[in-house]
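Required output: the full structure, derived from the provided sequences and hints.
Heads up: the sequence lines are chains P, V and H, in that order.
Taking my numbering, the leading residue of the first sequence gets 1, the next gets one more, and so forth.
Taking my numbering, the leading residue of the second sequence gets 499, the next gets one more, and so forth.
Taking my numbering, the leading residue of the third sequence gets 594, the next gets one more, and so forth.
Possibly wrong hints are sitting among the right ones.
In silico DSSO-like pairs for lysine-lysine, Cα to Cα no more than 30 Å straight-line [as the list claims (entries may be wrong)]: (1) P:K93 <-> V:K502; (2) P:K93 <-> V:K506; (3) P:K384 <-> P:K412; (4) P:K146 <-> V:K583; (5) P:K146 <-> H:K928; (6) V:K535 <-> H:K981; (7) P:K227 <-> V:K506; (8) H:K928 <-> P:K93; (9) V:K529 <-> H:K928.
Listed next, with one range per pair, are the computed distances between beta-carbon atoms [unchecked claim]: (10) H:I931 <-> P:S241: 48 to 54 Å; (11) V:K529 <-> H:S1066: 40 to 46 Å; (12) P:Q81 <-> V:A522: 55 to 61 Å; (13) V:T546 <-> P:T237: 47 to 53 Å; (14) H:T929 <-> P:D408: 55 to 61 Å; (15) V:E505 <-> P:E46: 39 to 45 Å; (16) V:E505 <-> H:E849: 56 to 62 Å; (17) P:P310 <-> V:E571: 38 to 44 Å; (18) P:D303 <-> V:E505: 51 to 57 Å; (19) V:K502 <-> H:Q1071: 51 to 57 Å; (20) P:G367 <-> H:T929: 31 to 37 Å; (21) H:I931 <-> V:K502: 15 to 21 Å; (22) H:G882 <-> V:T546: 35 to 41 Å; (23) H:S858 <-> V:K502: 40 to 46 Å.
To be clear, the hints were calculated from the coordinates, so they are not data collected in a lab.
No experiment lies behind these values; they were computed from the predicted model shown.
Backbone N, C-alpha and C fix where the C-beta goes; we use that ideal spot for every residue, glycine too.
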Amino acid sequence: MIMEIKKMDWVQEKEKWQPVIGLEIHVQLNTQSKMFSSESYHFGDEPNTHIGVVSTGQPGSLPTINRKAVEQTVLFGCAVQAKVSLMSHFDRKSYFYPDTPKNYQVTQFNCPLLREGHISCELNDGQTKHFKIHHAHLEEDSGVLKHFTHFSGVDYNRSGVPILEIVSEACLHSAQEAVAYAMAIKAIVEYLDISRGNMEEGCLRMDTNISVRRKETKELRNKIEIKNMTSFSYMETAITSEIERQIQFYSLHPEEEIESGTYRFEQGTKELVLMRTKEQAEDYRYFPEPDLPPIILTEKYIDSIRRLLPELPRDRHRRYLLELHLPRQATILLVNEKKLSDYFEEGLKECSQPRALANWLTVEFPGRLKELGKKIWSSGIPCKQIAELVNLIEQGRITGKIAKSIADEMVKEPGVPPEVLIQRNSLYQPVHDTAQVEQIIDRVLEKNPTSIADYLSGKKKAFSFLVGEVMKHSSGKAPPNLVNELLLKKIHNRTDFK
Amino acid sequence: MNEKELEKLSQLAHISLTKGERDALTIGIKKILTYVKQLQEVDTQGVTPCFTVLQHLSNVMREDIQEPPLSTELFLSNVPSSMGKLVRVPPVLNS
Amino acid sequence: MHDLSGILLRQLFIKNELSATEICNFFLHRIEQYEPALGSFLSIFSKRALYKAEELDAKRAQNKPLGKLAAIPIAIKDNIHVLGERTSCGSKFLSNYRALFDATVTRLIEEEDGVILGKTNLDEFAMGSSTEKSAFQLTKNPWDLSCSPGGSSGGSAAAVAARLCPISLGSDTGGSIRQPAAFCGIVGFKPSYGRVSRYGLVSFASSLDQIGPLTTTVADAALMMEVIGQHCKYDSTCLSFPLNNPLNQLKTPFKEKITLGIPKSFLKNLEREIGQNFQYAVESCEKLGYSIIEVDLDILNYSIAVYHILSTAEASTNLARFDGIRFGNRSLQAKTLIEVLDLSREEGFGFEVKQRILLGTYLLSSGYQEAHYRQAQKMRQLIIESFKKVFEKCQMIITPTAPSAAFELGYIQDSLEMSLQDIYTVPASLAGLPAISIPSGFSSKGLPLALHITARQFHDNELLQLAYHIEKSQPFIQKIPPQFDDNGD
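Laid out in structure tokens, this is it:
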């Protein structure tokens, strides 16, 4: 199809269209027990071992509301400046599917717990954008359908886990914005410690609806919905391709309208599967859940929850940028991954070089751990030891190059502190013998008269070259401060002599 | 209530119907719908819909404490078809 | 022994005049004798009941404290769970379903040492007013075996009326305890909504369902209410405080002067015999010293329509879980997932149930919900307010329980016509008010007639109190159907 539109025209064509994207993010809350019943939940356990009469839809069973899930929802509302509803209730949403044991889901449709709210996030290009939340509500998660060749199997462990569903306004206009928004939400729920686990375990799932419109218009066209995405990178790709597909469609068929449809992202096969077209759209027949009385909250209660707010991502972002003067990229990386920035905070206590420490945490170590498939905060290396490494460089006891070798070893033997590694390996030990260093310096100066001359005539680079030569001949062990000091002295002595 | 509507309903409610049932149901449901139409003649402007007769009851919530789960064995004892610990159903088609 | 009330049986047991095993065997034998003709039980727990009875005899021998229902044989409607036993709901769909937990009422009965004899027949999923809609068997009225015992708790009513046990539990959504109690000449009590836990009752219409006792005496009903009128943490629509000593309150005189309201214009067009009997009941009340006033409850003419809409809407979702996947009879013809649903439900549900599910689905679907369902909810609010207004002038409202005496089996074929049976019982369900049916006489054909009394919300004790006083003054209370009144013990 792209062949039909010449490349330059295509770029121009895209410019005329504005993508309109909405996101619904399902966050599994990390309560001890389920939303409407008291059994526990743990990802990955044997099927149908975390079940109860309520979560398997047995006749005669009745739901009971988990107080903690409501608290966590209100806490989230406070974090995003949402309006907490003083009166809210649950509704039944009817649809038949094997993973939905009652063939209706208990959710909130007419009176959600939270309305409005906003998220600020920083995009890759440095812009700060503000996005609006439409509402957020509580509901129960469904079970899991597992597909095999000749049958499908249903596991109800996940059925009934509390979900906080956060619905954005249709105010996102690019895949990048969508990802930034979703990452910001993820960071908030992690900082609030209300979110259950990691995305590979399905604790945060995203549905998106996408349409495009000509930039000058306000009307919305038919949407395509993609449900059940569990990775940001996948979502970015999916949204980008869908936007392109729609623009292509409209530029080739200007009089037609795209047919609405809903697709589901299959975690296992990573495929998009058509769930239903608009004609097949479900009639959910929402009506108030008669088994559950309404939730009535007071301002006093909401204030008491608000006081429990911890440092939020945007506050930490500001602190890293403005107080610690971390580079913007490192700040984003740290803040968006709470486990990483908590790990960083541990190391900060012992380290006076936040920028350097941040670099080790966001560039050096992750690179080394990637092949092993490990994350730095669970690698077994305490951040204090990385802080120690930074301090050693700062003190001039080791060079940056040696530090990198030490880092390799720390990865191989997590938990062994740099000091110990230095003791073990003489190659890491700085040469303290000044005489030895002086000898090396003399030799280098002998061999490089041109560089001396260059330096004396103002070329700073020549000095660096000489330093490099000294380091080379000392196998990197000469303490850099000492080298600088002695080299300068010797150069000037020579000059004096001349 | 005509046959087409009934067909839609039977799909929505997932109940197959025999021809005889279809005929009888079309008549039966129509009758009841006609009967309940009388409610339309009552002026209910300004009346709050009643959600519950327990109008004082709210905030019935449970502490977040775990209780032992239902035994897998007991659960499976009523399941018509299972495979290991999974509830077995015909393969769900992905269109 | 068959003519003894539950309270009396317990007393005889406590006093060592009868053993629990004797009592249990006696009633099990009666069941064996009369069940083929009556058809009130779907399952009989001979072994379980005798085991419990033996335990009780041992407890008594050891002078251990004995519960409020000690040795009393009790039957339970087959839509209420007894762990490990079948709960069929009178439906083919659940013909092989075993309860995975005890209903709260079951647990409470067992804690108070009641002896559960078995599960009784009902209209399928409690939808009906004659018990003819059970998928398994017909239950007959002990007063006339060609007649219906009423429904949906027909099995529970027939069993008690035939003295196969002194007490049974039923469920009431629009009259399903009271109307069969009326047809069978016994006491049927529907508590205020929320008074008794619904945990373990298979839901029909969640905002209307209540479990209640069917007994031969009001005192037995009060005893049952004392046991089952408790808070339950598994039911969020259950009151937080227990019912306060209903038995004690029975015999005490009223604190205030009692005025009874009669909605005369709502009661126009009563069948002649019903009208006469009701008139007689009213006069008896006057003789007892209660004031009678006329009240306006014409709005109740809309009750059945409101009830149809609200109950079928809720039922359509409550019965959605019956899909043949996790329990119930899965169709053997089903090859695809859709067929599992469609065919299992086709084969498992009877016509009445299908009709109500489809109707409820229709009423909730987009476009119709606003017109029908919301309007019905508003009407419900108006009905609640009308009652409140009337209760400013009186404490209780009396009407006949049913528009006729028990009708012949097979007589009423039309669903709508059948539902009109509930015209006098449905209003108390819609407003969540406590209501009772007590025998008030007999028709010319010898079929029982009954008086229906509705009290203010949460005034269950007061209602039982009034019923007790009226009962005491009536000569025909506790009359036993001749066919079942042998002296064979």
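If you check each hint against the structure, which ones fail? Hints 9, 10, 20 contradicted; others consistent.
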